[in-house]
Structure formats: C-alpha cells, structure tokens
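J.: Sequence:
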Amino acid sequence: MGSYAKESAFVDADELRTSFASAMSSMYQKEVPLYGDLINIVRGVNFSTLQKKQGHNVPTTSAAIRTSSERLTLERHGAIRLGTPYELQTVRRIFNVLGMRPVGYYDLSVAGLPMHATCFRPIDTSSLDRNPFRIFTTLLRPELLASENARKLSLALLGERKIFTDQLLELLDIAETQGSRLTQDQANTFIPQALLTFSWRPVAAATFDEYNMIKAEHPILADIACFQSAHINHLTPRTLDIDAVQDAMQKAGMLVKTRIEGPPLRKCPILLRQTSFLALEEAVKFQNLASKGQDRIASSLEVELVEASHKARFGEIEERGAAVTAKGRQLYDKLLEECMERASSARATEVDAILADIFKQYPDDWTQLRKQGLIYCEFHCTKKPSEKPEKRDDEESLLEQLINDGFIKVSPITYEDFLPFSAAGIFQSNLKSKDGDSSSLTLNTSYPDKGGLEKALQAEILDSDEAYARAQEESLDIVCFELGLKRQDLR
1 MGSYAKESAF VDADELRTSF ASAMSSMYQK EVPLYGDLIN IVRGVNFSTL QKKQGHNVPT
61 TSAAIRTSSE RLTLERHGAI RLGTPYELQT VRRIFNVLGM RPVGYYDLSV AGLPMHATCF
121 RPIDTSSLDR NPFRIFTTLL RPELLASENA RKLSLALLGE RKIFTDQLLE LLDIAETQGS
181 RLTQDQANTF IPQALLTFSW RPVAAATFDE YNMIKAEHPI LADIACFQSA HINHLTPRTL
241 DIDAVQDAMQ KAGMLVKTRI EGPPLRKCPI LLRQTSFLAL EEAVKFQNLA SKGQDRIASS
301 LEVELVEASH KARFGEIEER GAAVTAKGRQ LYDKLLEECM ERASSARATE VDAILADIFK
361 QYPDDWTQLR KQGLIYCEFH CTKKPSEKPE KRDDEESLLE QLINDGFIKV SPITYEDFLP
421 FSAAGIFQSN LKSKDGDSSS LTLNTSYPDK GGLEKALQAE ILDSDEAYAR AQEESLDIVC
481 FELGLKRQDL R
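Under our numbering, the first residue of the sequence shown carries the number 1, and numbering increases by one thereafter.
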C-alpha cells in the first residue's frame, strides 16, 4: 500500500480532517435526511445573524466570539459510543492521523449512564481555526452495570464484533511509520475505510432476542453492544443563535427537545448550549437463529432476518460561548447545583425561569468577565503607539490602559469542549430506560475514573484548561513582542 514517502507528499492533518469531516457529513445526510434540513436551518440563521453584525457593534451576542463564516460552515461535532478498550485505542489511532487529540474527561455515571468519555479534537489555535471538528467519544463501563446478565451478554457481543476493516488497520500501521501521516493516495483510501467504522449498518450484530434483552435494561446499552459499527449517533452544526434555530425547527414540524441544555440565554454567552430534534425510529434487521443454543456462527441458510427498528440517532445543534477559567467553572457549577436543587420540586415549564434567575449572579458583561478572571481571552495588537507605552495610572494596569486606548483588542476564546450534564441530558431525552419513565440505568455505583479511561485509551487525556490558558498566554506574548514590551510591563 506504499512505503515511507517524501515529506512533501504527505497530506496536511488539517486538510485531511476537513476532507474526513465533509465526507462524514455527506454520509450522515444520506443516512438521516432530516439532518440536511437541519443544516439548511442553521445556515439560514447564521447568515441572518452575520448580516445583522455587519456594520453594527455586536458586543453582547455569540457573534462577538471570534469566528469566521468559513469556520461556521465547516464546524461540526459528532458523537460515538464504544464498547471496549481495543475499540477506543483504535479510534484514537484514527483521530491521531486527523490531528485530533483526547481532551477532557467526562464522567456520565453521575447522570446514571454507565459510560465515561473524552473529546477528540485539534488543540492548536491555528488548527482549530482551520477546522475544529470534534468527536465526543464515550466508552462503556461494564463494571458499573448492576445487571450481571446484561453485562455478560453485552461483553460477549462486543467481543465478537469487528468494526474496523483490515485495510484500515493496515493503513494505520503504515501511517504510524510515517509520523501518523498519509500520502494523498493513502488518504483517498483511508477516508472511506474509516467512515465504515462510523456508518449505519442495516443488519445488527445481535439476534432479535439478544437485542430486546439488552434494550429492556436500557436502549443506550443496546445501541453500544448490538450493532456492527460504532455508528455516529449525531452530527452537530454550530449556530450563532440557538433560540432562533429552536424556533425554526419547531415551525418546520420537527419534534424537538422541550428546552435548551446548558446555561440560560445571556448577553455574553459562556460554555455551550445545545438542543436537538428527537431520535428517529430507523429500520434495522436482526438475526434470528433457527434454534436456541445454536452456534452463533451459523450458515446463511440457518439464519432468518427479523425486520424491526431502533431509535438512537438524532439531530443536535449547538451554540458555543466563551471558555471559562477554573474560577468561572466553579461559579457555573455552584449556580447549576443551586438551580438543580430548586428545580427538583418545580414543574418542567418553570426550569428555564429558575435557571435565568439564579444565573443573574454570573456577570454578563465581557469586560467584567475578563477582569474578574472568569473567562479566557485572546489579545491582539491593533496598532502601535508612536512611543513606547508607559503606565499613566497606578490604579490601572498598562494592559487595561492599552485596551481602553484602542491599541489592544480583546476577544473571548471559544469553548471547544463539552458539558457532561448537557451531554447526558441530550442522551436521556432521546433514549428511555426499561420503565419508560427514568432515563438512568441501575448502576452498582457512580464515580469518576479518569485513570481507567486513560488506561483503556493507552494515552494521556489533555487538560482543556491548560490549552485555553496557553492560547491566552501566547497571545499576550505576541502583543508584548509587537509593542516592544516585557510581560511584567503589562501589570
């Protein structure tokens, strides 16, 4: 399939990621046509929002977060559910070729789901600007399942399935001898082979009886264990106005979530807000072996296919705000906990009002958010003063002085990651458990296990706060260089 190539022959990881994301979007649109309608709605809302921004100062909307129409058009995040450490390790190898690294640890057991997750995404600012494609990747934690029968059957099914083609595995081996890079010819084969891992398969890996047994425990467990691929369960475009998209989806007759997950509507958005149209019933065929106890590896003559359906895939939309610091996240978590406590006895229609009321305690002004150290920002030199800047006021730092004088422009850094409660809320709204009322499984216990996920991954999970802080510090270093200053001068 090719030996080590010359340096110039390798495809840039950002370009390869863009090609892969585009191919995945086309694949998903064919599999879930309603996703195409969703993309059209989001594009219309984004175009309208950007049109309003032109010629106007828009300091208090999502459009104030530095982005571009090109990035918005390309931007997607997907989500997959994996069952075994081997699957996770191989997916890591795939995404490594695409310039995506595991960032952040998410414990979904706190929401009653036997999974934990990381996000594979680019980490460099330049790569994020070119294409911030992300995949939220969950791994089953079978040790948390209280049902021994469900655990044993799930692991048996997962141990038998093969979600990676031999050709893909061979290409991964080759890429790793080439510094996790591919030539154009290799990339042309790699993309369709990798997409097979994440595509929808019309025939399940489980028998109909096995599927129903696991589904009775929880549909999300069936979605992980019973199929021949780690199919994408949603592919999410980014919007600049999620409330407008929610309204447009409802007017288009889509069945949507009753409320938007994440922080309340704010003048200065933070973190992430998400909504979705609800999971669709999709046709799927299940094996039905002719006799109980028959060898699972049966001839085609002995196997009947049962036509049924499965509900798991949905259409999600997101609006991204500013990345918050550790201090900002502590305040967010504190207010969210207060909201959950107050909303526990409230009607569903009252939750948004409670959330908005409690979050009045969170500053909603870009300058105050920055000055109080609640968000990460990038700093850019807009023009150079005629003389070397000097501090005029002991009560104001030189940095603030240069910002106020128009020499430095400040932009909030986009939040590139996820919120575990929002992710769980999206999953739970689309999948109901065996009693049809609760969206949580019965778990042995609930606890985070970042070390366990890193062991399964065979790689370190990067800290998202470190990435945001590094981007902020690097932007200040560039400003100082351009203005002929040292970092201590900015104090």
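Derived from the structure by calculation, the hints contain no laboratory data. Since this is a predicted model, take the numbers as computed values, not measurements. Quick reminder that beta carbons are idealized off the backbone N, C-alpha and C, glycines included. Don't take each hint at face value.
Unchecked claim - Here are the computed distance ranges between Cβ atoms for each label pair:
1) Q51 / E31: 52 to 58 Å
2) K450 / A356: 28 to 34 Å
3) K486 / T18: 35 to 41 Å
4) N40 / L265: 30 to 36 Å
5) L305 / S48: 16 to 22 Å
6) D129 / A156: 42 to 48 Å
7) K388 / M340: 47 to 53 Å
8) E474 / R392: 26 to 32 Å
9) V203 / T18: 27 to 33 Å
10) E337 / S386: 35 to 41 Å
11) R347 / K450: 34 to 40 Å
12) S446 / K486: 44 to 50 Å
13) K152 / Q89: 19 to 25 Å
14) D449 / V306: 35 to 41 Å
J.: Decide, hint by hint, whether the structure agrees.
T.: Checked hints:
no., hint, verdict
1, Q51 / E31: 52 to 58 Å, "32 Å, violated"
2, K450 / A356: 28 to 34 Å, "33 Å, holds"
3, K486 / T18: 35 to 41 Å, "38 Å, holds"
4, N40 / L265: 30 to 36 Å, "24 Å, violated"
5, L305 / S48: 16 to 22 Å, "47 Å, violated"
6, D129 / A156: 42 to 48 Å, "45 Å, holds"
7, K388 / M340: 47 to 53 Å, "52 Å, holds"
8, E474 / R392: 26 to 32 Å, "27 Å, holds"
9, V203 / T18: 27 to 33 Å, "32 Å, holds"
10, E337 / S386: 35 to 41 Å, "52 Å, violated"
11, R347 / K450: 34 to 40 Å, "37 Å, holds"
12, S446 / K486: 44 to 50 Å, "49 Å, holds"
13, K152 / Q89: 19 to 25 Å, "23 Å, holds"
14, D449 / V306: 35 to 41 Å, "37 Å, holds"
The structure is inconsistent with the numbered hints 1, 4, 5 and 10, although it conforms to all the rest.
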